[in-house]
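Using the sequences provided together with the hints, build the complete structure.
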Amino acid sequence: MIKTVSLTSAITITFSENIKAGTNFSGIYIKNLSTEKKVTLASKVISGKTLTLKMAASRLRYNLYQVYPGQFL
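Just so it is clear: in the sequence shown, position 35 is 35 by the numbering used here, and no numbers are missing.
Bear in mind the hints are in silico, worked out from the structure with no lab data behind them. Treat the hints with caution; some may be incorrect.
[To be verified] Restricting the straight-line Cα-Cα distance to at most 25 Å, the calculated cross-link-like pairs of lysine to any residue (SDA-like) are: (1) K49 x R61; (2) K20 x E36; (3) K44 x F25; (4) K49 x Y62; (5) K54 x S6; (6) K37 x V5; (7) K20 x Y62; (8) K20 x R61; (9) K31 x L7; (10) K31 x Y68; (11) K49 x T35; (12) K54 x S16; (13) K49 x S9; (14) K49 x S6; (15) K37 x K49; (16) K38 x E17; (17) K31 x M55; (18) K54 x L64; (19) K54 x I13; (20) K37 x G70; (21) K37 x S16; (22) K20 x S34; (23) K37 x R61; (24) K49 x S16; (25) K44 x Y29; (26) K37 x I13; (27) K54 x A21; (28) K37 x N63; (29) K37 x T23; (30) K49 x S34; (31) K20 x T35; (32) K44 x V67; (33) K54 x G27.
Written out as structure tokens, the structure is:
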């Protein structure tokens with residue numbers, strides 16, 4: 001699903017129930033699909049049902065980004 005968002009706002013993902021950081025929390029990342037590069041995250045925060053990802057730099061206009069959940073064993 002493609003959604004238009006502000007170039008500077010944090011990305012929030014809301015789940016149906018409370019979540020907590022597991023062993024793969026550090027593996028969550030965002031990738032710029034236009035450049036094929038991972039982006040640097042300024043912060044990753046869980047609060048109740050919400051995961052908030054804040055990028056260190058603004059997103060680039062007309063570029064697509066995707067959130068990856070990290071590796072699962």
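Going through the hints against the structure:
1. At most 25 Å may separate the alpha-carbon atoms for a hinted pair to count; K49 and R61 exceed this at roughly 29 Å.
2. A threshold of 25 Å between alpha carbons decides the hint, and for K20 with E36 the separation of about 29 Å lies outside it, so the pair is violated.
3. About 9 Å separates the Cα atoms of K44 and F25, which keeps this hinted pair within 25 Å; it holds.
4. This hinted pair does not check out: K49 and Y62 have alpha carbons roughly 30 Å apart, beyond 25 Å.
5. For the hint linking K54 to S6, the alpha-carbon distance of about 12 Å falls within 25 Å, and the restraint holds.
6. As the CA atoms of K37 and V5 are separated by approximately 19 Å, the hinted pair is consistent with the 25 Å bound.
7. Under the criterion of a C-alpha separation no larger than 25 Å, the hint pairing K20 with Y62 is inconsistent with the structure, at around 33 Å.
8. A hinted pair counts as satisfied when its Cα atoms are at most 25 Å apart, and K20 with R61 does not qualify at roughly 32 Å.
9. With a C-alpha separation of about 15 Å, the suggested pair K31 and L7 falls inside the 25 Å cut-off, and the hint holds.
10. Restraint check for K31 and Y68: the C-alpha separation of about 8 Å stays at or below 25 Å, so the hint holds.
11. The suggested pairing of K49 with T35 is violated, with an alpha-carbon distance near 31 Å, which exceeds 25 Å.
12. Using a Cα cut-off of 25 Å, the hinted pair K54 and S16 holds, with the two alpha carbons roughly 21 Å apart.
13. Between K49 and S9 the alpha-carbon distance is near 19 Å, which keeps this suggested pair within the 25 Å criterion.
14. Of the pairs offered as hints, the one joining K49 and S6 holds, with about 22 Å between alpha carbons and a cut-off of 25 Å not exceeded.
15. Taken as a hint, the K37 and K49 pair is broken in the structure, with Cα atoms around 28 Å apart against an allowance of 25 Å.
16. This hinted pair does not check out: K38 and E17 have alpha carbons roughly 28 Å apart, beyond 25 Å.
17. Note on K31 and M55: the hinted pairing holds, with a Cα-Cα distance of about 11 Å set against a maximum of 25 Å.
18. A distance of roughly 16 Å separates the Cα atoms of K54 and L64; the hinted pair therefore holds under the 25 Å criterion.
19. The suggested pairing of K54 with I13 holds, with an alpha-carbon distance near 12 Å, which does not exceed 25 Å.
20. For the hint pairing K37 with G70, the CA-to-CA distance comes to about 15 Å; that is within 25 Å, so the pair holds.
21. Distance check on the hinted pair: K37 and S16 sit about 30 Å apart at the alpha-carbon level, beyond 25 Å; violated.
22. With a CA separation close to 31 Å, the supplied pair K20 and S34 exceeds the 25 Å bound.
23. Restraint check for K37 and R61: satisfied, since their Cα atoms lie roughly 15 Å apart, inside the 25 Å limit.
24. Restraint check for K49 and S16: the C-alpha separation of about 7 Å stays at or below 25 Å, so the hint holds.
25. As the CA atoms of K44 and Y29 are separated by approximately 9 Å, the hinted pair is consistent with the 25 Å bound.
26. Straight-line distance between C-alpha atoms of K37 and I13 comes to about 21 Å, which keeps the hinted pair within the 25 Å bound.
27. Between K54 and A21, the direct Cα distance comes to roughly 16 Å. Compliance with the 25 Å bound is thereby established for this hinted pair.
28. Among the hinted pairs, K37 with N63 is consistent with the structure: their alpha-carbon atoms are about 12 Å apart, no more than 25 Å.
29. Restraint check: the Cα-Cα separation between K37 and T23 comes to about 23 Å, which is no more than 25 Å; the hinted pair holds.
30. Simply put, K49 and S34 have alpha-carbon atoms about 30 Å apart, too far for the 25 Å limit, and the pair is violated.
31. Distance hint between K20 and T35 is unfulfilled; the C-alpha atoms sit about 31 Å from each other, more than 25 Å.
32. Our distance criterion of 25 Å between C-alpha atoms is met by K44 and V67, whose separation comes to about 12 Å.
33. A hinted pair counts as satisfied when its Cα atoms are at most 25 Å apart, and K54 with G27 qualifies at roughly 15 Å.
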